[in-house]
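Protein chains in written order, with my numbering: chain Z, 1 to 333; chain G, 334 to 482; chain L, 483 to 858; chain E, 859 to 1033.
There is no bait here: all hints are sound.
Here are the computed distance ranges between Cβ atoms for each label pair:
#	chain 1	residue 1	chain 2	residue 2	range
1	L	506	E	1021	18 to 28 Å
2	E	965	G	338	39 to 49 Å
3	G	449	Z	60	52 to 62 Å
Derived coverage of chain G by chain L (criterion: at least 3 residues anywhere in the stretch with Cβ under 8 Å from a Cβ of chain L; other residues may be distant):
#	stretch
4	355-365
5	379-385
Calculated directly from the structure, the hints in this document are not laboratory data. Note that CB positions come from ideal geometry on N, CA and C, so glycine has one too.
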Amino acid sequence: MNTALHLAEPYRLLLFLVGTLAFVGFNAAYLVWLERKGAGRFQRRAGPTEVGYAGLLQPVADAIKLLSKQLIVPPGTDATLFRLAPMLVMAPALMCFVAMPFSDALAARPLNLGLVMVFAFGSIHVLAIMLGGWASRNKFAIISAARVVSQNVAYEIPMLLVVITLLMITGTTDLNEIVRQQGGGFWHWNILRLTANPLMPVTFVVFYICMLAETNRAPFDMAEAESELVAGAFTEYGGMGFGLFFMGEYANIVIGCSLATVLFFGGWQSPIGVWPGLFWFLLKLYLLIFSVIWVRWTFPRTQFYGLLNLSWKILIPLSLFVLVLSSVLLKFL
Amino acid sequence: MINGSLREVVAGFGSLLTGMRITLREFFKPSVTVHYPHETLPIPGRYRGHVILVRDAETGKSLCIACKSCEKACPSDCIVVEGIKREGEKRKSATAFQLDFTRCSLCGSCVEVCPVDALEFSKEYNLAGTDKTRYTQIDLLKRVEAGKS
Amino acid sequence: MMPQTERSAADGPQETFVLNLGPQHPATHGVLRVKLTMDGEYITRAEPVPGYIHRMHEKMGENRTWAQFLPNTSRIDYLSAMTYTHAYVAAVERAARIEVPLRAEYIRVITSELNRLSSHLVWFGAFLLDLGGFTPLLYAFDDREKILDLLEGLTGSRLTYCYYRIGGVCNDVDEAFVQGTRDFVAQMRPRFGMYRDLVTDNVILRKRLEGIGPISAELCRRYGATGPVIRGAGVPYDVRKVEPYSVYGQFDFEIPVFPEGDCMARYRVRMEEMAQSLRIIEQAIDRLPAGPVMAPSVPRVLKPPPGDCCFAVEAARGRFAVRIVSDGKEIPYRVKLRTPSFSNLSLFEEASRGMLLPDALALMGSLDLVIPDIDR
Amino acid sequence: MMLSLPQLAEAFGQLLRNGATRPEGQAPEHPGSPGAANLAAPATACRLTDYALKGYHLDVTVSPGEVVSAASLLDGEGFALDAITGLDWMADGQMEVVYDYFHPRNALRVVVRTRLPRAEPVVPTISTVFPGANWHEREAHDFFGIRFLGHPDLTPLLLPEDADYHPLRKDFALS
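This is chain Z alone, in the form it adopts within the complex (with noise of 0.2 Å):
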């Protein structure tokens, strides 16, 4: 165990809090670049280059622009909620970082029930996004908010039924001890641990889905849909409210892959089996968010019902019967 981190509680408490701001905040902003820059490539051009070198002051800037504009509160809305959920979504994902292992002994607060306070808090956002849809008084919002009330709802449940089948192979809801148990090598990892469970890389795979439609990313970002929505239940946000709203999406997707990584790919766990730490689980992270990005700037958006039908039809059957499997390994293996 690390000694340097076992300070008094109160200070411990502080120097966590502004970590995770720091962290948060930082992500929020250069996971924009990163995208900008990724979407570049992939598009075979070069994204910002203007502001700074290889436009690395573009999040700086985009900051200045949003803070100096002014919040417009739209005549007839419910001016409580419309303020209240920009918030409502940052602030939850703040909180999901306090369970989060980065590495054995960097973690705010270990909870023997990190997991369950991580999809506790990780479903608000959820919430946000329909009461700023809901809020805002203009029809392509309360589309917005009605689909991405049935969308969560359908991802909600492959999502848990794929970590309940981890929680039997684990028997742990403590994050580190999850990782904990998945040191010595990548084999050890839970997503090749091929003999609690042989599908556990499908396991995986839909987790991440499930994963992309919480976040509300593409190719399942029914709530945005420029093409259709305009900008959905962000239509009327202008400002920092829609730039916590923009933070929010890619805090969340910071979570979302923090907790893939954690739960499936051995966390701060060296894969190779030696020096073990924060390296590991930030490259694995960003590795994963990659992924995300790859992912969107790839495919069309999906049709909602087809979404609707991948969960209902493909995704709640599957991980229904991978964790009838794991279940049946367990009881006879």
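With chain Z held as given, fit chains G, L and E onto it using these hints.
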């Protein structure tokens, strides 16, 4: 039935992977864009910028004989030519040649109709200004006299 | 936008609302407004409201000489300027009995087909954008840029070419263009394989297009829809084959027809058409005859004899016909422009009934509308 | 079924009350041309034209009351509506409505035209036969002020909603 739909799911998933393979391949290829204004492409010889008067290399003056053919041919009435017959010259020469570029559609009728080939297309495309008259009243004659061609 | 709900007594408990799509909306590609009466996300009535960029080209035609109307023809459907100019000059040539040199006709075919390709590439990109896929647009524009470079080298313009003249074309092709076109054809062929793997075979795209927005051959006929819309409904109607104009009769090419009538059929028709255009270009380049590119006897002041005549071409969006009426003077008495997007959009109201909003937008995208082409 | 041109001309001949199929050459001065010869043309006529010169095969002139039956006849033969347009013959005090038809399966183009008094240009709608005519008629109403009787909605399509002018009339003043 389950077998068939399973195959469909697998094939569909395969098509997604194929797509991702293609975009990844493109990811590592060099970019194809040109970073204007840091870099520019060569302008083709026949490029149609706004019309200008041809400068006679010997006299340094315009070849225009103020016949007004271009004025008549122009679909958008954007050329105004005035000319007089000066003492000791065989032909008329232009005293004013104004182009309203804001109305021009770059069709090239004026260039084609000119009997003495006194008009040509410029290669200018960086056109921006704070004053409208800069483009509503381009004085082509002054331009020739200033030595720009 | 204020939410307002309409409830009529006859509807009972069912509520519909009016959704104003456009005139500025990402999916309308320009300024088209569609008044949607929605039942949830289902469309009960879609009423297109065109006219936001109406410029009255037909009146302009009555106020200038026959030749002066040429620049206007590039600006009706700005994505297929060549074919539109072709229809107009050919109509005037027909009225004035002007024989066009063979070389000019070949050049017209080559440039028209290049233009069709560039137009279809824009459609391809924009359609994918409607469906939420951004990247294919950039790949398509990369290819299209090569066409625009070729045409810019030949005509001096990149979009509104104004290249054809009554009696021929204004510039002769040079060796650079011929070679560039050959190179382009060679480069473009393998790209279709890439598009197929990346887009056409993609399961998400197939789910979004197959069986969506069916338009029957009968519906096309009753609304006068043409182009890829009617060919995607199984009718091999292509003006280049049915009423062969220019030198199209001399080339070996096929008219792609898909009988399904859904968005996917229209998609496939256009994708196939691009390959067929390449075939035509290749043959025309190989057989390009020598000779002049302008008819020798075009009078400077053109006065076609009194009477009317028509000329139809296959533009990228379908049948484009020009009807000109001359009263023997140097300015046209009437220039009627029959544009394909106008008829193609007019069936939208009937075809979109009962569809979901995103599906209806896919249907609209598959019609390949160019709004100035509707509004004129 | 391949539709032949003479058959179609025959059908039109039967349709037209007092017009008969005339071979090319015997026809009077073309009705589309201006001048006095126009007025001499019969109210109804059907003639074959030279496609290479005109761009259409059959030129039918009918009285305003017959446009719907002409449209029905062509609809029955599988034709599609190309366009409807007006033509202002101000000197003759007449307004012409031109219906262009094409056939989606055969290379056949038919023009049906009718003349209306310019002071009160009223003609029955054919949108009951071809729903696509709806927009074309609205457009002709926009531009020429031709009223199509029985049309469901003649509000301006391309012009602004409150437009009360008709720009393609020859007496429309350009500002």
